[in-house]
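Engineer: Produce the complete structure using the sequences and hints provided.
There are 2 protein chains.
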Amino acid sequence: MSMVESIAQKARNAFPALSKVAAEEKTRLLEKIADLIWLKRQDILDANKIDMEKGERSGLTPALIDRLRLDEKRLMGILNDLRQVAALPDPVGEVFDESILPNGLQIYKQRVPLGVLAVIYESRPNVTIDVAGLALKTGNCVILRGGSETIHTNSALVKAIKTAIDGSAIPTDAVQFIDDPDRARISELLKLHQYIDMLIPRGGETLHRFCRENSTIPVITGGIGICHLFVDDTADLGSSLEVIRNAKVQKPSVCNALDTLLVHQNIAAQFLPMVVSRLKEDGVTFRAEPQAYQLLKEYENVVFPAQEKDFDTEWLSLVLSLKVVQNLDEAIHHIRCHSTQHSDGILTQNSENADRFISEVDSAAVYVNASTRFTDGGQFGLGAEVAISTQRLHARGPMGLRELTTYKWVVRGNYQVRP
Amino acid sequence: MSMVESIAQKARNAFPALSKVAAEEKTRLLEKIADLIWLKRQDILDANKIDMEKGERSGLTPALIDRLRLDEKRLMGILNDLRQVAALPDPVGEVFDESILPNGLQIYKQRVPLGVLAVIYESRPNVTIDVAGLALKTGNCVILRGGSETIHTNSALVKAIKTAIDGSAIPTDAVQFIDDPDRARISELLKLHQYIDMLIPRGGETLHRFCRENSTIPVITGGIGICHLFVDDTADLGSSLEVIRNAKVQKPSVCNALDTLLVHQNIAAQFLPMVVSRLKEDGVTFRAEPQAYQLLKEYENVVFPAQEKDFDTEWLSLVLSLKVVQNLDEAIHHIRCHSTQHSDGILTQNSENADRFISEVDSAAVYVNASTRFTDGGQFGLGAEVAISTQRLHARGPMGLRELTTYKWVVRGNYQVRP
Chain B
973 MSMVESIAQK ARNAFPALSK VAAEEKTRLL EKIADLIWLK RQDILDANKI DMEKGERSGL
1033 TPALIDRLRL DEKRLMGILN DLRQVAALPD PVGEVFDESI LPNGLQIYKQ RVPLGVLAVI
1093 YESRPNVTID VAGLALKTGN CVILRGGSET IHTNSALVKA IKTAIDGSAI PTDAVQFIDD
1153 PDRARISELL KLHQYIDMLI PRGGETLHRF CRENSTIPVI TGGIGICHLF VDDTADLGSS
1213 LEVIRNAKVQ KPSVCNALDT LLVHQNIAAQ FLPMVVSRLK EDGVTFRAEP QAYQLLKEYE
1273 NVVFPAQEKD FDTEWLSLVL SLKVVQNLDE AIHHIRCHST QHSDGILTQN SENADRFISE
1333 VDSAAVYVNA STRFTDGGQF GLGAEVAIST QRLHARGPMG LRELTTYKWV VRGNYQVRP
Chain S
973 MSMVESIAQK ARNAFPALSK VAAEEKTRLL EKIADLIWLK RQDILDANKI DMEKGERSGL
1033 TPALIDRLRL DEKRLMGILN DLRQVAALPD PVGEVFDESI LPNGLQIYKQ RVPLGVLAVI
1093 YESRPNVTID VAGLALKTGN CVILRGGSET IHTNSALVKA IKTAIDGSAI PTDAVQFIDD
1153 PDRARISELL KLHQYIDMLI PRGGETLHRF CRENSTIPVI TGGIGICHLF VDDTADLGSS
1213 LEVIRNAKVQ KPSVCNALDT LLVHQNIAAQ FLPMVVSRLK EDGVTFRAEP QAYQLLKEYE
1273 NVVFPAQEKD FDTEWLSLVL SLKVVQNLDE AIHHIRCHST QHSDGILTQN SENADRFISE
1333 VDSAAVYVNA STRFTDGGQF GLGAEVAIST QRLHARGPMG LRELTTYKWV VRGNYQVRP
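Residue numbers (my numbering), protein chains in the order written: chain B, 973 to 1391; chain S, 973 to 1391.
For the record, the hints were derived by calculation from the structure and aren't laboratory data.
Which copy? The list can't say, so a pair holds if one copy fits it or any two copies do.
Below, a list of computed lysine-lysine pairs in the DSBU-like style, where the Cα atoms sit at most 35 Å apart:
| hint | residue 1 | residue 2 |
| --- | --- | --- |
| 1 | 1081 | 992 |
| 2 | 1081 | 1045 |
| 3 | 1004 | 1081 |
| 4 | 1012 | 1045 |
Computed from a predicted structure; not experimentally measured.
Structural biologist: This is the structure in structure tokens:
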């Protein structure tokens, strides 16, 4: 049996015991993990330093180095999230859809843990803590496969988590970590459907495609967002500008940042120059389709003609695509053709248009008059997230505790038989 | 573009229009389909005769011929189910998990259709009507791929369905049928994740494995049930016997039929001979592990020593595995090792044992004092089912209308930005 299979089997074998653990016990464990990580913070930050030095030597970009960097303040923020997750109600055991059938059978659904999760991710070490916390809180075993660039940090974090588990009612094998950076381990992992119930790749399109094409385990893909805002001709333009700026510049490297701005033709001549003049101060450059480009000639040092592919690009940087549309219909049509169904919004004072946008734009999160940057487990009140799903099966958008559960049907009778 | 891709693309393109259709319109369509199939019943039964004759010539077993056979009575039963589905409330549009965030954002989930479904199935022509009905009722497009042995029947049914759709507000392309029996079409279908959101194979383990290993579309597998009943030492033995008999003989060829009977050692000597003596009258034969076999020596013409693999066999016929267990723990352990997590039950008067069984046996449907034969969309009040899922993601057990939906997050604000 390979190392990866042995890890997966250990997680599977730990599941029955973990799924029986009481809610309070799991809450206490999460708090203990938070305490222990903080206690061991020096070891963890030392390990993180090794990863960063290695990253610098191997020529990682400053942006990537920043993603993997931990310091006391960041660690404290992550642990606060973990304590928030600990304090949330445990969805496991919840009874719903109860009914009595005409034959007297009592039937209901009861929420149970999903089983064994495997998460493949890159750089950001907060994922290790977020995912382990959400999984344990819901009675799931988890197999973590972080990126090679954070292997020392993640090892130190997992060591602290396992120490916290030791001596609790939770089986230590509930959390597994694959510390071999060889990518061949991922290929092995993808075939272990007899042990693993759900696979979440958190990374770029290449990783997602690889998982989709090679996994025999059900996969949740997501985290890739070509996000749109449409400014209707009734929008409050001053407020809209601030929402657009927030969606584009507050954290441009993430999936819920704005990629394309669609502007109603009636206000384009007034509003597009406002947008460009404000956002260029933040360092934003623009890709404008011809009609928009015409209106922005005086900004030729920051506004460039858009290529068709620009509207299918997730920028992850300070670039914004611009397009003038005739009306709501054209906006919806454009979004339908180019969105990755992550987060899309309308800015409008027209409630009919708002309703039509909500009903006809079929993305994981649909916004009226708010920044797309809110699509996030913490912001949505879920405490944290294991991923943001952009597929339609099982869960859409930020996945928190509930999305790590499934249900069983319970049928209680009095020796009924089927006629 | 291949025929299959063109079919999938047509379904995908029909989805936005279908997803906007009002609930009453969809209800009316299902009733119209039922009317029209009944009106065209002679064409459909004629087509069915061709399939049956072809089946007989090609040497299909009488059991298989019976599965594909339609007559007026069976057709009427199927259409009654369809009318029941029509009358159920439409889950699409339902709002849930509503809240106001501290920053004033109004956030809720709204149920929306899943998108485009593809279902690969065999023999039974009721699946064509059940699946089309459930899909249309929930605003989903569907690609049907029935077995080659029912191709004439299915073509006639789909023709009637499409005639009913024609002239309604529903796009005709919403229902697609692959009428090429070549299995290569399945391989093509499995790769079309850009058009298809969920794939359901309904068939044997070989088909499921093929889909799991080759599909880039999320797959729901299920319908394979190694089902158990455990008779505790407090069970009402007379009533238990009737439940066991129902679970085994009422329809032995289906997934929710009983495969293994576990009997508490305290009652085994009394109860096992009762079971064998009663069920042999129905033509059941038995595979008994040594301890059970010892108790059943006088029935040597119907009770045979069990092989280890017998406890991992879905019989689909009048065979029952028998095993004596020491107690509830051993019963739960046996089920954990051998169940396919479809339907498992306990027969007991001890409510503590009932609760422990429910909590520790993690199958899609868990029973106390009832026949496993109830695991069925119709029996559970769902009207019909597209499949019975035995995986954990998205849906477990019978999948009806709700399980053909997903949700979007709707966020309504007043120009909020993320700090």
